[in-house]
Amino acid sequence: MADLVFWVLSGVAVASGVAVFSVDSMARATYALAASFVAVGLALLLFDLQFLGVITVLMMIMEMAIMAIYMIMFMGMNPALMPMSMVHDKRWAMAAAAGTFVVLAAGAVLVPWPDRAGDPADDLTAAVGEAIMGDKMLVMLTVSPVLFATIVAALVLALPSGRYARLGDHLGRRTAPARDPEGAGR
Amino acid sequence: MTLETVLLVAAALFCVGLYGAISQQVVVMVMMGLELMINGVILAAAGFWWFLTPVPDGQVLLLVVITAMTVEMAMGFGVATLLHRSRESDMTDMATDLSR
Numbered sequence: 000m001a002d003l004v005f006w007v008l009s010g011v012a013v014a015s016g017v018a019v020f021s022v023d024s025m026a027r028a029t030y031a032l033a034a035s036f037v038a039v040g041l042a043l044l045l046f047d048l049q050f051l052g053v054i055t056v057l058m059m060i061m062e063m064a065i066m067a068i069y070m071i072m073f074m075g076m077n078p079a080l081m082p083m084s085m086v087h088d089k090r091w092a093m094a095a096a097a098g099t100f101v102v103l104a105a106g107a108v109l110v111p112w113p114d115r116a117g118d119p120a121d122d123l124t125a126a127v128g129e130a131i132m133g134d135k136m137l138v139m140l141t142v143s144p145v146l147f148a149t150i151v152a153a154l155v156l157a158l159p160s161g162r163y164a165r166l167g168d169h170l171g172r173r174t175a176p177a178r179d180p181e182g183a184g185r
Numbered sequence: 000m001t002l003e004t005v006l007l008v009a010a011a012l013f014c015v016g017l018y019g020a021i022s023q024q025v026v027v028m029v030m031m032g033l034e035l036m037i038n039g040v041i042l043a044a045a046g047f048w049w050f051l052t053p054v055p056d057g058q059v060l061l062l063v064v065i066t067a068m069t070v071e072m073a074m075g076f077g078v079a080t081l082l083h084r085s086r087e088s089d090m091t092d093m094a095t096d097l098s099r
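In order, the protein sequence lines correspond to chains A and B. Just so we're aligned, residue 0 is where the first sequence starts under numbering that gives the first Met the number 0, counting upward by one. Just so we're aligned, residue 0 is where the second sequence starts under numbering that gives the first Met the number 0, counting upward by one.
Since the hints were made in silico from the structure, they are not lab data. Where is the CB? At the ideal position from N, CA and C, for every residue including glycine. Among the hints, erroneous ones may be present.
Restraint ranges, calculated between C-beta atoms of paired labels, are given here [claimed, not checked]:
no., chain 1, residue 1, chain 2, residue 2, range
1, A, A152, B, T52, 30 to 40 Å
2, B, S85, A, L3, 47 to 57 Å
3, B, T95, A, G133, 42 to 52 Å
4, A, V53, B, T95, 18 to 28 Å
5, A, T99, B, E87, 28 to 38 Å
6, A, G133, B, L51, 21 to 31 Å
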């Protein structure tokens with residue numbers, strides 16, 4: 000039964016992945032990518048990875064919803080109704096992808112993988128929780144500032160101007176000088 | 000379901016994403032290609048973890064990969080916003096240099 004579910008989910012994941020770049024609208028591509036991620040997230044459940052599988056599914060659904068909004072913002076049209084094909088170097092990209100698949104598939108099939116060492120814990124979610132709050136805490140201590148730095152960096156990139164651009168050197172004053180496209184002398 | 004089959008599916012996902020990341024012109028579509036590549040990495044890492052060494056370390060590594068995916072998306076959206084504001088474009092071909 001697990002084998003059948005795995006093959007169905009694998010088929011959905013790969014077919015949805017191909018659909019991302021073959022459907023003729025970006026909105027459909029977004030939903031195809033979401034389907035691919037949901038299939039992989041559900042496949043993680045077959046490995047008893049309940050926590051990671053569920054956060055993958057939940058995170059990707061939210062992320063794809065945000066991505067659809069971005070497309071509508073930037074494309075300036077209804078992307079679901081506008082067929083388009085915007086590619087370059089298609090033949091070269093196809094060759095690179097096929098060559099990479101041959102190399103990876105050869106490695107997967109030809110490498111003599113060792114036998115399984117050890118058994119999974121009874122409660123895998125508790126095990127990962129204890130790991131990141133115990134002997135793997137350094138990983139979480141590294142990931143946390145990276146995520147915070149990402150928030151700051153993304154805001155710096157996305158905001159049209161910061162307070163220095165609006166107020167110049169006098170950050171204490173209440174009103175900004177006349178609007179200048181270049182900012183207050185910056 | 001064996002390690003080999005899991006890795007083959009993961010390789011297929013990775014390579015479809017690679018095709019998209021190389022061939023697409025729209026920044027958001029390039030990000031979709033990168034996402035698909037990381038999707039393949041997640042599946043391969045889960046397969047390695049389950050079939051070789053099912054200890055908590057592997058789950059922590061998977062968490063790091065998923066974090067990398069979120070960072071990539073957040074920065075990608077930030078760059079797409081900046082690109083659209085400064086050049087009225089969301090195409091990679093119009094952003095081949097860093098200066099204005």
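Hints, one by one, checked against the model:
The hinted window of 30 to 40 Å between A152/A and T52/B holds, with their beta carbons roughly 35 Å apart. Between S85/B and L3/A the CB atoms are about 51 Å apart, so this pair conforms to the stated range of 47 to 57 Å. Checked against the hint of 42 to 52 Å, the pair T95/B and G133/A passes, with Cβ atoms roughly 47 Å apart. The beta-carbon spacing between V53/A and T95/B, approximately 40 Å, falls outside the hinted interval of 18 to 28 Å.
For T99/A and E87/B, the hinted distance range of 28 to 38 Å is satisfied, since their beta carbons lie about 34 Å from each other. Between G133/A and L51/B the C-beta distance comes to about 22 Å, which sits within the given range of 21 to 31 Å.
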